[in-house]
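Numbering (full-length UniProt numbering), first residue to last: 1 to 935.
It should be emphasised that the hints constitute simulated quantities derived from the structure, not laboratory data.
Note that CB positions come from ideal geometry on N, CA and C, so glycine has one too.
Any given hint might turn out to be false.
Below 25 Å or equal to it, Euclidean Cα-Cα: the simulated DSS-like pairs (lysine-lysine) are [what the hints assert, rightly or not]:
#	residue 1	residue 2
1	K37	K72
2	K47	K72
3	K809	K785
4	K458	K415
5	K72	K143
6	K90	K72
7	K21	K47
8	K532	K419
9	K781	K857
10	K47	K143
11	K529	K491
12	K534	K480
13	K90	K143
14	K90	K108
15	K491	K534
16	K415	K388
17	K785	K857
18	K128	K47
19	K288	K265
20	K265	K326
21	K265	K781
22	K458	K529
23	K37	K143
24	K458	K491
25	K419	K534
26	K108	K21
27	K21	K90
28	K128	K143
29	K234	K265
30	K108	K128
31	K388	K491
32	K665	K695
33	K781	K695
34	K108	K72
Label pairs and their calculated CB-CB ranges [claimed, not checked]:
#	residue 1	residue 2	range
35	P455	L545	44 to 54 Å
36	E828	D731	47 to 57 Å
37	E828	A565	49 to 59 Å
38	D802	P767	46 to 56 Å
39	S325	D131	45 to 55 Å
40	S385	P417	15 to 25 Å
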Amino acid sequence: MSWSKKDEDIDELDLFLNLDKSTVLQEARIFNASPIKPRQCRFIIAKVLFLMYTNESLSSNEATELFFSITKLFQSPGIALRQIIYLAIKELSSVAQDVIIITSSLTKDMQPTSEPICRPNAIRALCKIIDPSMLPGIERFLKAAIVDTTDTSVNTAALVSSYHLFPLSRELIRRWSNEVQEALVAKSSGFTSMMTSFMRTSAPQSTARSTMTQYHALGLLAAFRQHDRMSTNKLIQMFVGGNGMTTETLRDPFAHCLLIRLASKAALDSGSFSAPVYDRLCSWLRNKSDAVSLEAAKAICGMPDLTSEQVFPAVRALQQLLSSSKATLRFAAIRALNHVALQHATAMSSWKLGLDELISDTNRSVATFAITALLKIGTESTVDSLIKQAALLMNDISDEFRVIVVAAIKSLGVKFPAKHSVLLNFLAGVLRDEGGFEFKRAVVDAIIQLTSLVPAAKETAMSHLCEFIEDCEFSRLAVKVLHLLGIEGPKANNPSLYIRFVYNRVVLESAVVRAAAVFALARFGIYVKDPKIKASVRVLLSRCLQDPDDEVRDRAAWSMRLMAAQNTPRLLDEKVFHLATLEQRLVDYRNSPSDTPFDLTSVPSCMRGDEISHADAQSALPPIVDPNHGSKARPAAKPQVSTASLLDRLQETLVRLHGAVPETKDYGSLIKSSPLDAPLALTEEETEYAVQVTKHIFPAHIVFEFTVTNTISDMLLENLSVEMTAESAFDILTGDALDDLEMVGAIAVDTVPFDTPSMAYVVYSKPEGVPVAAEFSCCLKFTAKDCDPNTGEADEDGFEDDYTVDNLKVVACDYMVPAVLDVEGDPEFQGVWEFLASEDCTQLVETFAPAGVESLKDTVTLMSSLLSMQVVEGQQVDHNATSHSMCLTGLFLNQTRTAVRIRMTQAAGGAGVVAEATVRSSDASVASSIMDCLL
Numbered sequence: 001m002s003w004s005k006k007d008e009d010i011d012e013l014d015l016f017l018n019l020d021k022s023t024v025l026q027e028a029r030i031f032n033a034s035p036i037k038p039r040q041c042r043f044i045i046a047k048v049l050f051l052m053y054t055n056e057s058l059s060s061n062e063a064t065e066l067f068f069s070i071t072k073l074f075q076s077p078g079i080a081l082r083q084i085i086y087l088a089i090k091e092l093s094s095v096a097q098d099v100i101i102i103t104s105s106l107t108k109d110m111q112p113t114s115e116p117i118c119r120p121n122a123i124r125a126l127c128k129i130i131d132p133s134m135l136p137g138i139e140r141f142l143k144a145a146i147v148d149t150t151d152t153s154v155n156t157a158a159l160v161s162s163y164h165l166f167p168l169s170r171e172l173i174r175r176w177s178n179e180v181q182e183a184l185v186a187k188s189s190g191f192t193s194m195m196t197s198f199m200r201t202s203a204p205q206s207t208a209r210s211t212m213t214q215y216h217a218l219g220l221l222a223a224f225r226q227h228d229r230m231s232t233n234k235l236i237q238m239f240v241g242g243n244g245m246t247t248e249t250l251r252d253p254f255a256h257c258l259l260i261r262l263a264s265k266a267a268l269d270s271g272s273f274s275a276p277v278y279d280r281l282c283s284w285l286r287n288k289s290d291a292v293s294l295e296a297a298k299a300i301c302g303m304p305d306l307t308s309e310q311v312f313p314a315v316r317a318l319q320q321l322l323s324s325s326k327a328t329l330r331f332a333a334i335r336a337l338n339h340v341a342l343q344h345a346t347a348m349s350s351w352k353l354g355l356d357e358l359i360s361d362t363n364r365s366v367a368t369f370a371i372t373a374l375l376k377i378g379t380e381s382t383v384d385s386l387i388k389q390a391a392l393l394m395n396d397i398s399d400e401f402r403v404i405v406v407a408a409i410k411s412l413g414v415k416f417p418a419k420h421s422v423l424l425n426f427l428a429g430v431l432r433d434e435g436g437f438e439f440k441r442a443v444v445d446a447i448i449q450l451t452s453l454v455p456a457a458k459e460t461a462m463s464h465l466c467e468f469i470e471d472c473e474f475s476r477l478a479v480k481v482l483h484l485l486g487i488e489g490p491k492a493n494n495p496s497l498y499i500r501f502v503y504n505r506v507v508l509e510s511a512v513v514r515a516a517a518v519f520a521l522a523r524f525g526i527y528v529k530d531p532k533i534k535a536s537v538r539v540l541l542s543r544c545l546q547d548p549d550d551e552v553r554d555r556a557a558w559s560m561r562l563m564a565a566q567n568t569p570r571l572l573d574e575k576v577f578h579l580a581t582l583e584q585r586l587v588d589y590r591n592s593p594s595d596t597p598f599d600l601t602s603v604p605s606c607m608r609g610d611e612i613s614h615a616d617a618q619s620a621l622p623p624i625v626d627p628n629h630g631s632k633a634r635p636a637a638k639p640q641v642s643t644a645s646l647l648d649r650l651q652e653t654l655v656r657l658h659g660a661v662p663e664t665k666d667y668g669s670l671i672k673s674s675p676l677d678a679p680l681a682l683t684e685e686e687t688e689y690a691v692q693v694t695k696h697i698f699p700a701h702i703v704f705e706f707t708v709t710n711t712i713s714d715m716l717l718e719n720l721s722v723e724m725t726a727e728s729a730f731d732i733l734t735g736d737a738l739d740d741l742e743m744v745g746a747i748a749v750d751t752v753p754f755d756t757p758s759m760a761y762v763v764y765s766k767p768e769g770v771p772v773a774a775e776f777s778c779c780l781k782f783t784a785k786d787c788d789p790n791t792g793e794a795d796e797d798g799f800e801d802d803y804t805v806d807n808l809k810v811v812a813c814d815y816m817v818p819a820v821l822d823v824e825g826d827p828e829f830q831g832v833w834e835f836l837a838s839e840d841c842t843q844l845v846e847t848f849a850p851a852g853v854e855s856l857k858d859t860v861t862l863m864s865s866l867l868s869m870q871v872v873e874g875q876q877v878d879h880n881a882t883s884h885s886m887c888l889t890g891l892f893l894n895q896t897r898t899a900v901r902i903r904m905t906q907a908a909g910g911a912g913v914v915a916e917a918t919v920r921s922s923d924a925s926v927a928s929s930i931m932d933c934l935l
C-alpha cells in the first residue's frame with residue numbers, strides 16, 4: 001500500500017466503503033511487524049472498528065488474535081496510536097478471550113506520572129475488561145482518580161466508569177461515597193495538564209469541562225441512593241434547603257438539570273406538594289442557562305396538585321423560550337406547554353401566550369405542537385378556524401406528529417360533541433391522505449370514539465369508514481371497521497346501506513378480512529327484523545360457502561345455522577365467559593363429585609373483546625407526549641380496567657398462592673383478592689418496618705398475605721411471623737356474631753434482609769359461604785440481629801422483638817367481585833339499573849362528603865378503591881367539570897347483583913366534594929354493607 005501525498009487526498013469515506021473482513025484481518029498482520037508503523041496501524045485499527053460498528057461480527061478466535069496483536073502496539077510511545085488502541089481494547093473485550101492479560105499495561109497508564117491524555121482513556125478501558133473480583137485490586141487507583149486535582153477529565157473517567165461498574169459490585173463502590181461527594185463540591189481545578197496536552201482548548205471551554213465532573217458525581221450519588229427514598233431526599237435537601245449551596249456549589253447546567261429531575265421525581269413519588277422544592281424551582285426559572293430554566297419549568301408543570309396561579313411562573317418562563325432563535329428551545333417549550341394544556345386548559349386560554357404566531361413557524365414540529373396546544377385549550381367558537389389551520393399543516397409533517405394532532409382532535413370531540421360534523425369531516429379528509437399504519441389506526445380510533453360519544457354522529461362516521469375500507473391496504477383496520485359495522489349497522493335507520501360495503505370485502509379482500517365480513521353479515525341477518533334484508537343476507541352467505549378459505553366457509557355455514565335458529569344464541573352476545581375461571585371451576589367440580597349439576601351462572605363473564613392482550617390495548621391508545629425527557633412525568637389517567645384483566649389477575653394470584661401456601665389447593669375457588677391494585681399499607685411510609693397486606697377470600701378460609709420490608713440497613717430480621725387476634729366478627733348478611741373464626745395456619749419468614757420485600761402468611765377458617773366482617777390486631781414477632789450493611793453478614797447473637805402495626809379489617813367490599821352485569825343480553829348500565837329497580841331489590845341513598853379529597857378526579861379514585869367494583873361509566877373526569885357521575889357494578893360472593901351510582905359536585909370555592917351515593921342490590925344486607933363502606 002502506498003502512503004503518498006496523493007493517497008491522503010482521497011475522500012476519507014471512500015476508504016471505508018466495501019470493506020472485506022478477511023482482507024482487513026490480513027492487513028492486521030502489520031501489528032506484528034518490527035519496527036512498529038504507527039500511522040498504518042492506526043488506519044487498520046480504524047477499519048476494524050468500522051467493521052464492528054457496522055455490525056460485522058467477529059468470531060471469538062478472530063477477536064482474540066486481533067486483541068493480542070494490538071496489545072503489542074503498547075511498545076510504541078506515540079500518543080495518537082495509544083488513543084485508538086484504547087478504543088479497540090474496549091470494543092474487542094466483549095468478544096475476545098483472556099483480555100485480562102492487558103491489565104498491567106492499563107494500570108501503568110493510570111498512574112499520575114503517565115501522559116495526561118492517557119490516564120482517562122486507560123481508566124475507561126481497564127474498567128471495561130475487569131470483572132468484580134478484580135475490582136478491589138484497583139480500588140485505590142479509582143478512588144484517587146475521583147478526587148484528582150490535576151485534570152478533570154480523569155475525575156470524569158473515574159466517575160463514569162464507577163457508574164457502569166456499580167451494578168456489578170454495589171457494596172464496594174457504595175463505600176466511595178465520600179470521594180464522590182468531594183468531587184461534587186470541589187472547586188474548579190486547574191488546567192495545567194490540559195494545557196500541556198496536544199488538545200488545547202480555550203478558557204471558557206475548559207471551565208465547562210471542569211464543571212462536568214459535578215454532573216457525573218451527582219449521578220453516581222443518586223445511583224447509590226436510588227432505592228432509599230429518605231437518603232435521596234437528604235441529597236436533594238442539600239441543595240434545595242435554602243442554605244445557598246446551589247449558587248456556590250453547582251456550577252454545571254447538567255448537574256442542575258439532574259438535581260431538578262431528582263427533586264421532581266421525589267415530589268411525584270410522595271404525591272404531595274413541597275413548598276421548599278417549589279420555591280427553589282421558581283428561582284431556577286431565572287437561571288442564566290436555558291436548559292436549567294426549561295427543566296425547572298417542566299418540573300413545576302409536572303408537580304401534583306398545583307393551582308393555575310402556581311403553574312403560571314413556569315408558563316411565563318416557557319413563553320419566553322418560545323421567542324428564542326433556537327428551534328430546539330422553541331420545540332421543547334411548546335411541547336411542555338402541551339402538557340400544561342391537559343391540566344390547566346382554562347387558565348392557558350386566558351394567558352396571552354402567542355401560540356398563534358407559532359403555527360406559521362418554519363420548524364414544522366414546533367408548528368404541530370402549537371396547533372395541538374391551541375386545540376386543547378380552544379373554545380367551541382374557535383373550533384372551525386383551528387380545524388382549518390390543522391388541515392393546512394397535516395401535509396407538511398411526519399406521521400408521528402400527525403398522530404399527535406389526531407389525538408388532540410379526538411380530545412376536542414370529547415369536549416365539544418356539538419362540533420362532531422366538523423371534526424368528522426376533518427378526520428375523513430386526512431383518512432384519504434397517504435400515511436402509515438399507526439397514523440391510519442389513530443384516525444380510525446378517533447372516528448370510532450366519536451361514534452360512541454355522540455350517537456348523532458354514528459351514521460355519518462360509518463359512511464366515512466365504509467369509504468375508507470373500499471381502498472384500505474391494512475387488513476387489521478379493515479377488520480376493526482367491519483366489527484363496528486356489524487355492531488352498529490343493524491341498529492341504523494337503513495341497514496341495507498352498509499350491507500353492500502360489507503359484502504364487497506367478501507369479494508375483494510384477503511381471507512382474514514373475508515372472515516370478518518362474513519361475521520358482520522351474520523349480525524345483519526340475525527338482528528335486523530326486515531325479512532327482505534334477512535333473505536338477502538342469506539343469499540350472500542350462501543355464496544360464501546364456496547370460498548377457498550376454510551375459515552370463511554365455516555363462518556358462513558355457522559352463520560346460516562344461527563339465522564335459522566329460533567332464539568339468538570349466547571355466542572353472539574356481547575358477553576362471554578371468562579375461560580380461565582370457567583376451566584378452574586370445572587376442575588373444582590370434577591375434583592369434588594356431587595349430584596348437583598354444574599352451575600354455569602357462577603362463572604363470571606366479561607365483555608367480548610376484553611380478552612385482547614394488554615400490549616394490543618396499549619398500542620390502540622394515542623401516544624402521550626412526555627415533556628420530561630425520561631424523568632417520571634405525572635401519570636396519565638388510568639384506562640378502565642377490564643373485567644377480563646381482573647379475572648386473569650385472580651387466576652395468577654391463585655397459582656402463586658398454591659406455591660406459597662400448599663394448603664390452599666384444598667380451599668376451592670378464590671373468590672376475591674383485595675385490594676385489587678396494590679396491597680393495603682398497615683404502617684406509615686417512613687417507618688423502620690414497612691408492612692402491607694393482601695386479603696385472599698376463599699369459600700371457607702381467608703388467607704392474609706403480609707409483605708414486610710426492612711428499611712434499616714444494619715439490621716437483619718429472622719424468624720418473622722405475624723400474630724393476629726380477631727377482636728370482633730359477625731355475619732354480614734344476618735348481623736349475627738361469630739365465634740368460630742379460627743386461625744388454622746401461619747407461615748413465617750426465615751430472614752428479612754435490608755430493602756428486600758418478604759412474604760408471611762396467616763390463614764383463618766370461617767363458616768363456608770358466610771361473608772364474615774371482622775377486625776384483627778396485628779403484631780410482628782421476630783429476632784433482630786445487627787449486621788454489616790456492606791457485606792450483609794449478621795451477628796450470631798440477636799434479641800427477640802415485636803412491632804405493632806395498624807389494625808386490619810375485613811369488610812363487605814372484600815367479597816365484592818368486579819363484574820359487568822347484563823339483563824337479557826343487554827350489558828348497558830342503564831338496563832341493569834332499571835332492572836334492579838323493577839325487581840324486589842333494596843335501594844339506599846345517602847349524601848356525604850368524602851374525606852381527604854379535594855377534586856372530582858381524586859373522588860373517583862377513592863370510590864373505586866373503597867368499593868372494589870367494576871367502573872362501567874365515569875372512569876374519566878373532564879378537566880373543567882364541576883360535577884361528575886360514575887357507575888359501578890359487581891357480584892357479592894359471585895351471586896348477588898349489586899349496582900352503585902355516585903353523583904358528585906365540586907363544593908363552592910373548591911373546598912372538597914359533595915357526593916350522593918345510590919346503592920341497589922337484590923339483598924338488603926349487602927346494600928347496607930356496601931353503603932357502610934362509603935360512609
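Any hints this thing doesn't respect? Which numbers, in order?
3, 5, 8, 9, 10, 17, 20, 21, 23, 25, 26, 31, 35, 36, 37 and 38
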